[in-house]
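Peer 1: The residues making up each chain are set out below.
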Amino acid sequence: MTTPLCDLTAVEIAARVRAGSLRAEQVLDSALERIRAVEGRAPSLEPYVLQPGDRQTVHAFITLTERRARTQAQAVDRLVAAGKDPGPLAGVPLAVKDIFCVEGTPSTAASRILASFIAPYTATPVARLEAAGAITLGKVNLDEFTFGSSNESTAFRPPPGNPWDPRRVPGGSSGASAAAVAAGEVALSLGTDTAGSIRQPAAFCGVVGMKPTYGRVSRYGLIAFASSLDCPGPVARTVTDAALMLGVMAGADVHDATAATVPVPDYVAGLEQDLRGLRIGLSPDYFRLRYPDPQTGELREQPITPEIEKAVHETAERLARQGAEIIEAVPMPNTHLGIPAYFVISRVEAASNLHRYDGIKYGFRYPGPVSDLRDLYRKSRGAGFGLQPKLRILMGMYVSAEQYEKGYYQRALRVRTMIRRDFELAFDPKGPHRLHALLTATTPTTAFELGAVYGDSVLMQYADLLTVPADHAGVPGLSVPAGLDAQGLPIGVQLLGPDFTEPTLLRIARAVERGTEADTWRKARPKVLAGLA
Amino acid sequence: MAEAITAEIFHHLVELAALELDADESEYLRAQLNSQMKAIRELEAIVVDDTAGITSHGVPYTPDISATPRADIAVPSDAADAILQQAPELDGRYLVVPDIPHTDLT
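Protein sequence lines, in the order shown, are assigned to chains A and B. Oh and the first sequence: position 84 is 84 in my numbering, straight run, nothing missing. So the mapping is simple: my numbering equals the position in the second sequence, first residue as 1, plus 533.
Because the hints were derived from the structure by calculation, they are not lab data. You may find that some hints are simply not true.
[As the list claims (entries may be wrong)] Listed below are several chain A residues computed to face chain B (Cβ distance under 10 angstroms; list not exhaustive):
no.	residue
1	Tyr214
2	Val344
3	Arg381
[Stated by the list, open to error] Pairs of lysine to aspartate or glutamate, EDC-like flavour, derived with a Cα cap of 16 angstroms:
no.	chain 1	residue 1	chain 2	residue 2
4	A	Lys406	B	Glu577
5	A	Lys527	A	Asp54
6	B	Lys571	A	Glu298
Yeah, the Cβ is synthetic: ideal placement off N, Cα and C, and Gly gets one too.
Could you put the whole structure together from the sequences, leaning on the hints where they help?
Peer 2: Structure follows, in structure tokens:
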């Protein structure tokens with residue numbers, strides 16, 4: 001059976017388009033055909049009533065920019081015909097999380113308050129991907145303003161379904177980014193990670209997702225959630241595709257003073273090296289969870305799902321067979337403080353960032369009668385924001401209030417230092433462990449059912465327990481598929497490393513891919529693709 | 534354990550946040566805030582070295598990886614019209630707002 005063009009890797013699509021043996025428009029047509037086959041009804045702001053069939057499809061795209069994509073694809077094909085090189089992503093279908101501005105397109109943040117907003121400029125990562133020849137098919141769904149871990153808080157519903165089982169969540173907040181890639185609607189997707197929002201959905205959807213080092217990729221044009229944590233990053237079906245995409249996006253940006261000036265290496269170049277000389281750690285603190293009991297609120301401790309723990313150990317064995325030295329029992333004692341600290345830091349930053357939405361300058365404005373300016377603010381924000389933004393604003397106001405700020409916010413920032421020190425000690429080349437990477441599970445569980453957790457904001461936040469420490473510390477991390485559980489749902493393992501060591505993490509992740517190539521689960525396909533060519 | 538966020542504190546926060554909420558929203562949000570406070574209180578129980586610095590972002594911004602600030606020079610932009618077009622209500626090139634509440638501080 002011939003592989004549909006939309007299921008090819010980004011590397012293969014770009015190589016064939018650049019060589020002139022495949023046209024970008026052919027790839028676009030294939031991707032659009034896949035979108036028509038798996039999307040189901042488009043998410044909208046209309047009151048949501050579950051309809052038959054809703055939980056059999058993906059619902060990833062808030063906005064499909066087919067005409068714009070065709071113009072881009074034709075431009076790529078014209079360049080090739082003229083003997084010119086359109087770039088390393090020539091003709092590769094791309095979806096952009098709808099938290100990035102793309103000029104002339106609705107840029108909604110999956111919120112009613114920005115539903116009418118047409119971006120007047122394009123975010124740097126998107127501009128760089130398009131300049132490299134990528135074809136943007138549209139803007140994909142997310143948790144409202146990225147606030148969530150299941151994609152259910154979006155104002156645009158139906159919420160996305162997990163292609164492996166659309167009755168389950170794709171994760172979040174970059175849920176539709178991961179779902180669209182897993183379902184073959186696009187080869188690449190641009191996501192953001194603030195507490196795990198790239199890695200957790202990548203694990204749930206069986207794809208590769210990378211949170212680069214903070215500052216590795218510009219945040220210009222990213223609608224801000226928590227500015228000290230937000231990281232744009234790639235979602236792809238293969239490690240090599242993720243490496244290619246990262247290389248195009250990364251680097252200094254005159255529009256973002258926090259974009260580091262560290263030179264951008266060729267992330268693809270060293271991927272096939274073996275792992276000799278690399279020390280990869282396992283930490284008991286990533287195999288047990290400490291979280292509040294949903295009923296009592298009391299802190300409980302329990303191991304992560306046994307199948308996931310087994311996948312991590314099997315991955316370590318495979319990496320050892322490829323030359324890595326596995327270092328066990330690496331202490332990361334402050335891991336369990338990641339979520340409590342995040343509850344404080346992210347809320348303070350979110351509350352600050354969300355004050356700009358006022359019904360005056362752009363976005364939703366309450367259309368009914370108001371008594372004065374402040375009443376307009378209250379009514380516009382009350383009707384424009386969903387519950388999750390409101391929750392974050394209120395918590396941010398509370399913990400940053402003068403009488404609580406030292407006890408909560410400043411304490412949380414010191415805890416952040418403690419979490420960072422865990423990583424610094426583990427990775428210290430002269431320290432006791434001298435790790436090049438830490439290997440952990442990405443998530444405590446596989447994808448849960450739609451509606452199973454949503455509404456309990458505490459339990460939902462703990463879905464990010466294993467990913468959020470890297471966000472606090474700023475270090476890079478990625479999730480790579482490592483198997484399926486007994487229900488056929490993807491399991492992801494996570495690799496974390498020192499600042500700006502993306503090449504090492506990608507090299508190890510590629511070794512995970514190589515080591516599992518012959519596994520039966522590698523041949524499994526998401527349920528939404530059943531019966532498709 | 535007593536609720537951290539009483540109804541009185543909650544209403545004050547809602548006022549500060551400039552949010553109009555209905556009764557159901559208020560009930561849900563206050564309950565969730567108090568649930569989150571239980572998790573946040575884990576921070577209170579740990580020993581934190583107060584002499585340790587705070588981390589405002591994870592990666593240290595040393596001069597060798599930081600961009601030099603660009604020159605403080607005004608650059609004309611052609612985006613003004615596109616930006617203005619996003620405003621919900623315009624009068625020419627002015628943003629229209631309702632009456633601004635006036636408080637006499639004297």
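Peer 1: Evaluate each hint against the coordinates.
Peer 2: Status of each hint after checking the structure:
no.	hint	result
1	Tyr214	5 angstroms, holds
2	Val344	6 angstroms, holds
3	Arg381	5 angstroms, holds
4	Lys406(A) to Glu577(B)	11 angstroms, holds
5	Lys527(A) to Asp54(A)	14 angstroms, holds
6	Lys571(B) to Glu298(A)	8 angstroms, holds
Violated hints for the displayed structure: none, as all numbered hints are satisfied.
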